[in-house]
Amino acid sequence: QKEVEQNSGPLSVPEGAIASLNCTYSDRGSQSFFWYRQYSGKSPELIMSIYSNGDKEDGRFTAQLNKASQYVSLLIRDSQPSDSATYLCAVEPLGAAGNKLTFGGGTRVLVKP
Amino acid sequence: GAVVSQHPSRVICKSGTSVKIECRSLDFQATTMFWYRQFPKKSLMLMATSNEGSKATYEQGVEKDKFLINHASLTLSTLTVTSAHPEDSSFYICSARLGAGAVSADTQYFGPGTRLTVL
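Here the protein sequences come in this chain order: A and B. For the first sequence, the working numbering assigns the number 17 to the initial residue and increments by one for each residue that follows. For the second sequence, the working numbering assigns the number 2 to the initial residue and increments by one for each residue that follows.
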């Protein structure tokens with residue numbers, strides 16, 4: 017079983033709609049959670065981090081964390097064609113050797129004009 | 002802030018040669034840097050964790066004698082692919098952590114990546 021799981025997609029959303037991405041993780045003691053965006057042929061760029069249960073908003077992005085259910089989600093409001101990319105969920109397990117992050121396989125999002 | 006650079010961005014080399022890739026944290030000191038490899042349409046694969054002043058920690062299955070990592074200073078880590086072969090062709094990406102004491106110390110910031118093609 018993968019430690020961090022994401023639906024590979026593609027998740028197709030019309031322009032202006034809300035894109036909802038989910039991520040589940042297996043290590044219940046995980047404390048740090050990250051969402052990265054990766055355009056084709058480019059390296060990942062940080063969207064946001066979240067550490068506490070609940071919602072965290074940054075512009076059109078909202079991260080939601082539920083440690084009891086072991087999932088973290090990302091909402092993209094007013095989706096734009098420029099949001100078309102692969103979104104990577106990353107988790108730092110408790111006591112991770114070398115402070116490594118565990119990445120999910122990514123969800124490809126396609127925003128259609 | 003938290004900018005990471007990589008050099009070169011793209012390299013083409015002949016089979017059997019060695020290639021060095023540099024990763025620099027431009028506006029912060031990074032006690033820990035990470036090296037990843039990514040094949041087309043695949044997810045990131047962590048190769049090794051590089052700590053300033055000590056030996057790198059390699060992931061299972063990664064040959065330490067083939068992928069030499071040196072973290073000589075708090076702002077520079079290098080990855081040398083020795084005796085490169087076509088199967089080593091990939092996208093190599095480094096990342097750096099801000100380190101203990103910093104806000105968001107556990108966040109990894111990625112460099113732009115180096116695309117290696119071995120002929």
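Among the hints, erroneous ones may be present.
Claimed, not checked - BS3-like mimics (lysine-lysine), calculated; alpha carbons at most 25 Å apart, straight line:
1) A:Lys83 <-> A:Lys116
2) A:Lys128 <-> A:Lys116
3) B:Lys21 <-> A:Lys128
4) B:Lys56 <-> B:Lys15
5) B:Lys56 <-> A:Lys58
6) A:Lys58 <-> B:Lys15
7) B:Lys43 <-> A:Lys58
Calculated from the structure, these hints are not laboratory results.
Hint-by-hint comparison with the structure:
no. : hint                  : result
1   : A:Lys83 <-> A:Lys116  : holds (19 Å)
2   : A:Lys128 <-> A:Lys116 : violated (35 Å)
3   : B:Lys21 <-> A:Lys128  : violated (40 Å)
4   : B:Lys56 <-> B:Lys15   : violated (28 Å)
5   : B:Lys56 <-> A:Lys58   : violated (28 Å)
6   : A:Lys58 <-> B:Lys15   : holds (24 Å)
7   : B:Lys43 <-> A:Lys58   : holds (13 Å)
Hint check: violations occur at hints 2, 3, 4 and 5; the rest are consistent with the structure.
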